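Asks: One line per chain: the protein sequences are A and B, in this order.
One point on numbering: in our numbering, the residue at position 8 of the first sequence is 8, and numbering is uninterrupted.
Position in the second sequence counted from 1, then plus 1000, gives you our numbering.
A hint or two may mislead.
[As the list claims (entries may be wrong)] Covered, in the sense of this in silico footprint (three residues per stretch, anywhere, with C-beta under 8 Å from a C-beta of chain B), are these stretches of chain A: (1) 107–119; (2) 195–209.
[What the hints assert, rightly or not] Label-pair restraints from in silico Cβ distances: (3) A/Asp229 <-> B/Pro1115: 32 to 38 Å; (4) A/Gly162 <-> B/Ala1316: 37 to 43 Å; (5) A/Asp266 <-> B/Leu1171: 50 to 56 Å; (6) A/Glu322 <-> B/Leu1046: 52 to 58 Å; (7) B/Phe1095 <-> A/Ser352: 34 to 40 Å; (8) B/Leu1046 <-> A/Gln326: 50 to 56 Å; (9) B/Gly1189 <-> A/Gln166: 33 to 39 Å; (10) A/Ser491 <-> B/Pro1115: 52 to 58 Å; (11) A/Asp316 <-> B/Leu1171: 45 to 51 Å; (12) A/Asp316 <-> B/Val1269: 53 to 59 Å; (13) B/Gly1189 <-> A/Gly489: 25 to 31 Å; (14) B/Leu1025 <-> A/Ala378: 32 to 38 Å; (15) B/Ala1093 <-> A/Glu161: 19 to 25 Å.
[Said to hold, decoys possible] Lysine to any residue pairs mimicking SDA-like chemistry, simulated, CA-CA at most 20 Å apart: (16) A/Lys111 <-> A/Val155; (17) A/Lys111 <-> B/Leu1086; (18) B/Lys1152 <-> B/Arg1254; (19) B/Lys1152 <-> B/Asn1255; (20) B/Lys1240 <-> B/His1251; (21) A/Lys111 <-> A/Ile123; (22) B/Lys1152 <-> B/Arg1238; (23) B/Lys1152 <-> B/Ala1257; (24) A/Lys111 <-> A/Asp160; (25) B/Lys1152 <-> B/Asp1227; (26) A/Lys111 <-> A/Ala122; (27) A/Lys111 <-> B/His1069; (28) A/Lys111 <-> A/Gly162; (29) A/Lys111 <-> B/Leu1084; (30) B/Lys1152 <-> B/Glu1083; (31) A/Lys111 <-> B/Glu1078; (32) B/Lys1240 <-> B/Leu1151; (33) A/Lys111 <-> B/Gly1113; (34) A/Lys111 <-> A/Glu161; (35) A/Lys111 <-> B/Ala1085; (36) A/Lys111 <-> B/Arg1081; (37) B/Lys1240 <-> B/Asn1255; (38) B/Lys1152 <-> B/Ala1232; (39) B/Lys1152 <-> B/Ala1164; (40) A/Lys111 <-> B/Glu1083.
Calculated from the structure, these hints are not laboratory results.
Here the structure is a predicted model, which means the values were calculated and not measured.
Cβ atoms here follow ideal geometry from the backbone N, Cα and C, with glycine treated the same way.
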Amino acid sequence: MTPCLRPLLFGLVLLPLAAQADRPLAVVAPWEITGLDPSTSGYVFARMRVAETLIDTDAAGQPAPGLASGWQVSDDGLTWRFTLREGVTFHDDSPLTAQAAALSLEHALAKPGILDSAPIVAIEAEDADVVVHLDSPFAPLPALLAHSTTLILAVDAFDDEGRATQMIGTGPYRVASVAPPQRLTVERFDGYWGETPAIGSASYLAVGRGETRALMAESGDADVVFTLDPASRARLARHDRLALHAEPLPRTIVFKLNAEHPFLEDERARQALSLAVDRVGIAAGLLRHPEAAAAELFPASLGPWHLGLAADEAQDVERARELLTQLGWEANGRGMLERDGQPFQLTLRTFSDRPELPLVATALQDQWREIGVALEVAVGNASEIPSGHRDGSLELGLMARNYGLVPDPLGTLLDDFGTDPETMGGDWGAMGWRDADVAAWLDTLRQEADMDARAELAEQVARRLNEAMPVVPVAWYQQTAAVNAELEGFSIDPLERSYRIDELRWGE
Amino acid sequence: MSENQAARATSRWASRWTSHRTTGLGGLLLQRLFQAGLVAWMVGTLTFVLTRSLPGDMAYRIAAGRYGHDMVNTTAAEAVRAELALDQPALGAYFGWLWDLIQLDLGRSLVSGEPVVAELWHQLGHSLGLAALAVLLSLLLGPPLGLLAGLKPNGMLDRVSEVAASVLRALPPFAVGLILILIFSVTLGWLPAAGHGRSAHGVLPALTLALALAAISSRVARNAMADVSQSAYYAFSRTKGLGERLSFLRHGLRNAAVPVVAYLGVQFVYLIEGVVVVETLFAWPGIGHALVHAIVARDVPMIQGTALVMGLMFVALHTVVDLLCYWLDPRRRSA
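Model the full structure from these sequences, guided by the hints.
Replies: Listed below in structure tokens is the structure:
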């Protein structure tokens, strides 16, 4: 063999290995890319690790240093100071400065988004710090800054009106091409401040239909497929080339009740409706995850908010009938309840963006017929629940509420229940329900910094909500994914902040 | 009415429809230009009235489309209402749209904020590519099979292709698409199941559409060919000594082609309806997919723009069909 051929052959032997390392990763999920702005599609760019937030989350789902290496709050709780990590550059090679970070946050504050929940007066840049001024103390502020509507982008990413027209982030991947509403490709960014990812390039494709997503996993067109419908899951589990993953999310299927409705204003009526629900049946039969049955709003991943109630004990049809009899309801000839000649009839609104919801709605319809309650199910658009809440026309609304939208559920709870005992409630929370204790506890939680005191208050709130039932839990969500068995290092982020593609690598 | 009779009736109707309407090429084009203007105005007005009269609050719908259902709340809806001036009278918005349309400005999407023209350009390219491939595939599959069947009416091929056509036409495109993915992607692994970016991605969605198109066009071609092959002039061509092949090429093909081409125009309705379903199934970023999303999110300029382009495309394709028939049928040129 001539000397010059040897390295060539050696190179050819190595070629398959190199090709394996360069193999692009194909991710498929149902969510479309509405545009480039963090307020509308920030979650796609955060999950694909293109852009990052000031605050990250640790393994326990608690706020952890992200682009901010640390933070302090003033004694009066009104001034928060976030110190930026050093040596971070954006994908356009401009450095991460406090000015750039403050500008991104100001743009986020000006648009609808998570920062609406915080009493922010001003956001400023001071040396290497971003300083946030509040008009009242707000303990969960760091948690809000972990949300994808607060992504930190380069100054040049925004146009004069403050809309992001380019996606210039700081993440381990940079945008190679983006074609809304469906496709995004990213490639490794060599100037990343953290660990260099193993996979060189990846694509994201939004595929709305569950059947199509499952078939793409099956045919090998996609390496990671998120959100599988229950029927496909069983089929995909039999594939050797695929590994199936499931992880409970702090997203709960709940129904809210209009507590000002004459049938529902008494706490006992709401409890009766809850007691009649066969949660284990719904979880096992419809969602195909028996452990998803939820007797309380908050799953175990939310720590002190979780009470540990058993789902199978939450059903008691006899007790439900008893409570309704106490309230003056009597069964008529057809077994349906009536009071003063009025039938116990309600309308439940829900939506199909989450495919399970209409199914769960019909299960409720069936289970409530057992106790004589007639339920009409109206499947429409997600926005009909908040708009029905506002105009007072909503009777019942079935939804999937994400209590872990940010690492601390308090932000969501403040929106859903509120701290003003006179005007409690929120678009996706209580309706026409008032409880001065819960309002006061939530208000204390806003300000209280002591962890033990916070944990105690959290438990009190969870317990009271579970008795008074302004919002009733049905099941917890499971995020599911079918993953190419050759991929190593896959895990699901229970807060859905990241697809963790920077932790993946192709196996030998 | 059986599929056979229906196709025969339509092919007769199609040839009549294309024969008496026009007086020369210029008249034809002028008439179609007028139609295009009328379609643009009517489609825009109708979509405007319909979307405005749908139940539900527009501001909430648009906010849900923009920010996703986790983030839609009254604050977001009110911000949208203020930004888009949705509390202004509808009549003003309508005349504003009409004035913009006259200046060839379709406005901006209420959801993404991008110009409607830019979004349509991206989607229309994908849809037109898909539709063109579908029509091409259907022409390769349908008419040749139909012509062969029509040469021997009630023969074996005729009966088999009639059953196949009926089954394919009866199945919704959604089911046909799933079956094709199962065969060609999951089992054989020849073609990607869904997505876009490579040319191979277009094959299955185009084939899904093409099969249903071919189902009809094969029957239309079969009936036209059967009529021709039983006609006196065709018998005469054989009597005077022309072989089967020459008779077909000289006296059969062109005569049978007129109803097939004319019927293509009717099939475009199916094509436009088909892309909506097929694009969603195959994650194809086309205009049908965009229309569904725009309706859900009450993105009025986007709905108007999409419907407008679809309407104009329909008129344009009919014009092409008319021109083809005009060229195929010399009787119309001398009339």
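Asks: Hint by hint, work out which the structure violates, then give me just those numbers in ascending order.
Replies: Going through the list in order, the structure violates hints 10, 14 and 30 and respects the others.
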